[in-house]
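Following the hints, position chains B, C and D with the ligands against chain A.
These protein sequences, in sequence, are chains A, B, C and D. Every letter in the first sequence is one number past the one before it in the working numbering, and letter 227, counting from 1, is 227. Every letter in the second sequence is one number past the one before it in the working numbering, and letter 282, counting from 1, is 282. Every letter in the third sequence is one number past the one before it in the working numbering, and letter 272, counting from 1, is 272. Every letter in the fourth sequence is one number past the one before it in the working numbering, and letter 62, counting from 1, is 62.
Honestly, I wouldn't trust all of these hints.
[Unchecked claim] Calculated cross-link-like contacts (lysine-lysine; reagent style DSBU-like; alpha-carbon spacing at most 30 Å): (1) A:Lys-240 <-> C:Lys-15; (2) A:Lys-120 <-> D:Lys-56; (3) D:Lys-56 <-> A:Lys-274.
[Stated by the list, open to error] The following label-pair restraints were derived from C-beta to C-beta distances: (4) A:Glu-203 <-> C:Glu-295: 23 to 31 Å; (5) B:Arg-44 <-> D:Asp-175: 48 to 56 Å; (6) C:Ser-40 <-> B:Arg-277: 31 to 39 Å; (7) D:Thr-136 <-> C:Ser-178: 49 to 57 Å; (8) D:Lys-17 <-> C:Arg-207: 35 to 43 Å; (9) B:Pro-121 <-> A:Ala-237: 41 to 49 Å; (10) D:Ser-53 <-> A:Ser-32: 34 to 42 Å; (11) B:Asp-95 <-> C:Gly-96: 57 to 65 Å.
If you're looking for bench data, these hints aren't it; they were derived computationally from the structure. These numbers come from a predicted model, not from an experiment. Ideal Cβ placement from N, Cα and C applies to all residues, glycine included.
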Amino acid sequence: MLAHANLVIFQALCYDARALSGETMSPSSPPSIHDLSARVIENRDLGASHFLLTLQAEPVAAAACPGQFAMLRFAGRMDPLLPRPMSISDVLPADGSHPVLLQILHKVVGRGTQLLAALKPGERLQVLGPLGKPFSVPSPVAPGSQALMVAGGIGVAIFPFLVPMLQRAGLKPVLLFGARSSRELVRKDWFARQGVEVRTATEDGSEGAKGFVTTLLQEALGSSPEVAIVYACGPQAMLKAVGEMLIASGVSAQLSLESYMGCGIGACLGCVVKVRRDSGFAYARICVEGPTFPASEVLW
Amino acid sequence: MLAHANLVIFQALCYDARALSGETMSPSSPPSIHDLSARVIENRDLGASHFLLTLQAEPVAAAACPGQFAMLRFAGRMDPLLPRPMSISDVLPADGSHPVLLQILHKVVGRGTQLLAALKPGERLQVLGPLGKPFSVPSPVAPGSQALMVAGGIGVAIFPFLVPMLQRAGLKPVLLFGARSSRELVRKDWFARQGVEVRTATEDGSEGAKGFVTTLLQEALGSSPEVAIVYACGPQAMLKAVGEMLIASGVSAQLSLESYMGCGIGACLGCVVKVRRDSGFAYARICVEGPTFPASEVLW
Amino acid sequence: MKAAPRLEVQLGPLKLKNPIITASGTFGYGTEFLPFVDLSRLGGICVKGLSLSPRKGNAPPRTFETPAGMINAIGLANVGVEEFVRSKLPALRPYGTAIIANVFGETVEEYAEVARIASTGEGLAALEINISCPNTERGGMVFGCDPDGTRRVVSAVRKVTSLPLIVKLTPNVTDIVSIARVAVDAGADILSLVNTFLGIAVDVSRRRLVLANGVGGVSGPAIKPQALYLVHRVCRELQVPVIGMGGIMNVSDALEFMLVGARAIQIGTANFIDPASSVKILDGLLQALDHLGIEDVNEMVGALKTDGPSQDFST
Amino acid sequence: MKAAPRLEVQLGPLKLKNPIITASGTFGYGTEFLPFVDLSRLGGICVKGLSLSPRKGNAPPRTFETPAGMINAIGLANVGVEEFVRSKLPALRPYGTAIIANVFGETVEEYAEVARIASTGEGLAALEINISCPNTERGGMVFGCDPDGTRRVVSAVRKVTSLPLIVKLTPNVTDIVSIARVAVDAGADILSLVNTFLGIAVDVSRRRLVLANGVGGVSGPAIKPQALYLVHRVCRELQVPVIGMGGIMNVSDALEFMLVGARAIQIGTANFIDPASSVKILDGLLQALDHLGIEDVNEMVGALKTDGPSQDFST
Ligand SMILES: Cc1cc2nc3c(=O)[nH]c(=O)nc-3n(C[C@H](O)[C@H](O)[C@H](O)COP(=O)(O)OP(=O)(O)OC[C@H]3O[C@@H](n4cnc5c(N)ncnc54)[C@H](O)[C@@H]3O)c2cc1C
Ligand SMILES: Cc1cc2nc3c(=O)[nH]c(=O)nc-3n(C[C@H](O)[C@H](O)[C@H](O)COP(=O)(O)OP(=O)(O)OC[C@H]3O[C@@H](n4cnc5c(N)ncnc54)[C@H](O)[C@@H]3O)c2cc1C
Ligand SMILES: Cc1cc2nc3c(=O)[nH]c(=O)nc-3n(C[C@H](O)[C@H](O)[C@H](O)COP(=O)(O)O)c2cc1C
Ligand SMILES: Cc1cc2nc3c(=O)[nH]c(=O)nc-3n(C[C@H](O)[C@H](O)[C@H](O)COP(=O)(O)O)c2cc1C
Ligand code: FES
Ligand code: FES
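Looking at chain A on its own, in the form it has when it is part of the complex (with noise of 0.2 Å):
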């Protein structure tokens, strides 16, 4: 198992504590978590069926921490039933006009996520969060020493958020950014705004290396300087491709794992991975225990 005695996790007040400017990182007791009705700010359209949602959650944009998610329902609808899960993408903070945002970023798959695409600002959403496990942030770092972020697809949703986490820690954040095709590569200027160093691949070769972004990561790994830590989301098959590259390699690794979801807050125990435990296995639940894992915790 991946020792945790060198990361930090940031249960409490991720987003205030990237407010302040010192160190005074440590653990704490969890958030609280709360069920609000939000009022949508903005719906922007990045194309390719993706789409940026803004919404304004105050308690629960100040509640997150990066890795976490929020359970998004329309309130009063019978179907589609069930709340979906999305990441806490960003948190924007408050301006003369605005308190604290929350920004979802999503891909219209189904009849959900269609839904979300149809919002319009002042219309509202009922928003459940944040919810599960933080990614953690190793301290200290060795001076220079990156943290990879690998997205699949949408699973760069997760990642924004992220990266003045990883700055303020004094980690050189790199994106490594996999995807069907150029158009689908969203927020990709984004990031390089905020100093992310962006490596892309697309299947279509449309963009960067044609193929997987396990052949950036590859790379990535071979050579200096130092990778202090990856985070990674995106599809199950690439996850577990990424876990097996990152466990013959001993770098510690964070998956952010998907599933179906019935609750988000441990109830329905219906959003279980096989992870190892003791000398066997057991089944955690994504919501609680993760979203975020250790890669050498997942049996797939």
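Frame of chain A, contents of chains B, C and D with the ligands only:
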């Protein structure tokens, strides 16, 4: 049973007939039914949960006759599942910017009408129609004789489309309009502007006579000038009372009935009402044999 | 240019030009749908359930909407089998589509007599017997809810008809497979399932059951997972051809039923939501097969993969 | 000022401060809901089904959305009855709410042993036995699907506990009343119904069943008409106190179950949609009773009017 001999039924091209100047109103083959995706042109909030929805649904509007209805549904939704029957409240003549338009006047009572109320211009709604048996208009009529339109609450929705037909047939239309309170006497002024005499009753006495619309009807039947025909639409209890008064008075009358509907096209046999047939009774489908029935036929 | 996928399916003695059938009670006597559907395109049409004498049906209200479904207690209103043979069947014959007469009775003898008369109808493709009908001779127990009732009805009908015999099963039983087996042993060529699930609706403000009949049958998308389960079970346990139905609204639903083993499917409640559902699903099927590169729809029948994780049917 | 409506209900030996109970398997061990629900306000909490040994449950996927419902095959994952008594029950005790242990086994002896151990738990208000569990000794036949299995389980449990005994019925039977009667004869103080309906989900693109277990249980609004029907039937036929459930999402649904005769109700899937559903429904109930001018919630129990049109239960 009511004699049908002196009733001419406009079964075809009622909208076009209305545009004609002459009296060429002869029965013809049944109108065709259309199922189309209609664009919302306007959805006007009339207060007291009433909305006037204007749709671009030209083929339906062009084929419609007063008294008919349409089935409205939200394509792709599984809940609420069934389409909602709504009277064709009016059709608006084509102008430079729009072809013939369809109007629906509805009141929010449940989930379907809530969805209708939330429609915004540019959005789409599936419309199946025109459906059902239209009102019929007596011909010839004694000069100066009246046609009473008895409306209970949202039952008024069915009458705007009927007004010009009555006027063209040489009848003087009078609207007897009952509602809970003054705020629910929607579109009253519209009728007045069309030259319809409007008499009102409210249960709380906030406008017109205090009490039920049946009081207005009793008065109207008792006084001259001659009432050639009565049309009624409203809650079942009101229709029953109106029907009984009219059978007693001998004035010919047509009631527009409502029911839960499955299909609207005669296939499910769900929407029946008990009617007099031969020596016994039968169940007639409101969506096909109705919604308009001679008062004397209905067995409550 | 590629040829269009082949859609013809064979269910024992019954050949259909495609697997799309409209379900009994949801498609009138067919002609109601002329403004919306080219009847000649359908694989089959099951007409409203027929009885010996005409029936008026139940008092209203007869239908009500439920979450993602509806509940009905029409009371099997119909014109009677003789009138069907005389006037309804001839009107459908010209379309060259398999016409299936859905029949029922309140006694075994009535079932047989209705079936016999229906079978005299020229051009009828098959009989579908609705065994979800209460046996008035035995205290109202539904025939299809016990093996004995099922056996007696099916055998009696089998004796009076040489038409392909479809037995339509009720889902309101503990063990549908045992009933299915009895139906096949008694002479069914084909099984169709499911009929509606028993349900009620309550009007809180009036403190009454909504339907005048009290209880009704639930249909529509709400019942799809249950219907799929029952079709899958019957297809796994028996070799008989199966027609699947219950909540089919689109081509994906139709393919789900075919993958678990149904050779044809029936479209019921969907006809009320969009009267052109049946042909839209047919068009969707052609497109889907074409898209998947499948040349014959029969390749989809029972094509569910069952390797991999256990698929234990005991829980 | 008017007094608030009285909410206390008595179910045989079990008194609840109000009729709102959270359903087994949908409310964890209670504490998961501390951020959303003041547990002390609930009438009762049914914990996740407990077995003799801890169970890991089924492989994923375990849940899937269906039209207006969901399907689950969790596989009865739980910490085991001993761990429940040791750590989970004490955490719930301070809230002064009736804690109900839902128990099951794969043999009659296991049922009895789990029930015996659960009954040692201090402060437990009642046992609910889930008889929708396959009997591993008899080829996986579900205990609650036949009268004999039901009788044996209920009698065995009755012998080892003096706690109020709730028997939770499966809806997947031809005649729920006969099973209910056996349960009562064998010693049930209270019946609760319904458990989930059997169903499957099919993934067309992968040509597989979605759930790793294959079959699962359907819950949520989709099943409400069917659940209401079964609760109504049992309440009409038997005098035993009944706890109703199946798709209750709001106060209107809750009142529907009470009108047909349920003295208390359980909230299941709704807890997943909005974790505060249980208390919101409780608040809604208070408001509704107040609005209707009803002083005691018991006035609603079985208050369905049955005069007027016939309410025939045979069709
Ligand atoms: C912790 C977590 C965080 C997530 N973050 C994001 C995010 O930031 N942006 C984003 O676009 N998506 C995210 N997802 C995935 C997202 O929840 C699903 O894509 C979404 O629920 C699909 O909803 P739908 O109604 O559009 O699709 P549905 O109508 O439910 O189904 C459409 C298709 O999507 C698939 N699907 C449905 N639900 C899931 C699921 N939970 N996981 C995987 N596949 C699913 C099904 O296989 C189906 O074919 C996340 C999932 C989890 C568990
Ligand atoms: C031929 C016909 C024409 C109609 N024309 C109009 C119209 O022009 N304007 C208008 O506002 N309404 C009209 N109605 C009534 C309208 O169809 C219902 O009010 C509507 O379906 C309710 O939908 P909902 O989803 O909002 O309510 P639901 O969520 O279904 O139910 C809310 C309440 O409305 C009642 N209800 C539901 N459906 C009906 C129904 N069909 N008839 C009576 N009560 C019902 C129920 O008792 C329930 O309590 C018409 C009905 C028919 C049959
Ligand atoms: C209004 C209505 C009437 C029905 N009448 C009959 C009938 O007469 N005979 C019959 O065998 N099934 C009848 N059914 C059952 C359907 O044929 C079908 O089995 C059931 O509705 C499930 O399919 P669905 O969910 O696609 O509607 C009826 C269903 C509905 C909704
Ligand atoms: C995810 C899930 C897990 C469940 N686990 C159990 C269980 O362990 N024991 C039990 O008796 N019922 C269990 N049930 C059934 C519920 O308690 C309830 O009977 C059923 O879901 C119907 O109610 P609903 O529609 O309100 O959810 C479970 C239901 C769900 C959805
Ligand atoms: S989604 Fe319910 S336990 Fe995770
Ligand atoms: S609504 Fe179906 S027959 Fe009238």
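Hints and how they fare:
1. A:Lys-240 <-> C:Lys-15: Outside the cut-off at roughly 48 Å; violated.
2. A:Lys-120 <-> D:Lys-56: Between A:Lys-120 and D:Lys-56 the Cα gap is close to 43 Å, so the pair fails against 30 Å, i.e. violated.
3. D:Lys-56 <-> A:Lys-274: Judged against 30 Å, a Cα distance of about 10 Å means the pair holds.
4. A:Glu-203 <-> C:Glu-295: 23 to 31 Å: 28 Å, holds
5. B:Arg-44 <-> D:Asp-175: 48 to 56 Å: 55 Å, holds
6. C:Ser-40 <-> B:Arg-277: 31 to 39 Å: Distance hint for C:Ser-40, B:Arg-277 holds at roughly 34 Å.
7. D:Thr-136 <-> C:Ser-178: 49 to 57 Å: Hint violated: Cβ distance 21 Å, outside 49 to 57 Å.
8. D:Lys-17 <-> C:Arg-207: 35 to 43 Å: 25 Å, violated
9. B:Pro-121 <-> A:Ala-237: 41 to 49 Å: 45 Å, holds
10. D:Ser-53 <-> A:Ser-32: 34 to 42 Å: Between D:Ser-53 and A:Ser-32, where Cβ atoms are some 35 Å apart, the hint holds.
11. B:Asp-95 <-> C:Gly-96: 57 to 65 Å: The hinted range 57 to 65 Å is violated for B:Asp-95 and C:Gly-96, with Cβ atoms some 47 Å apart.
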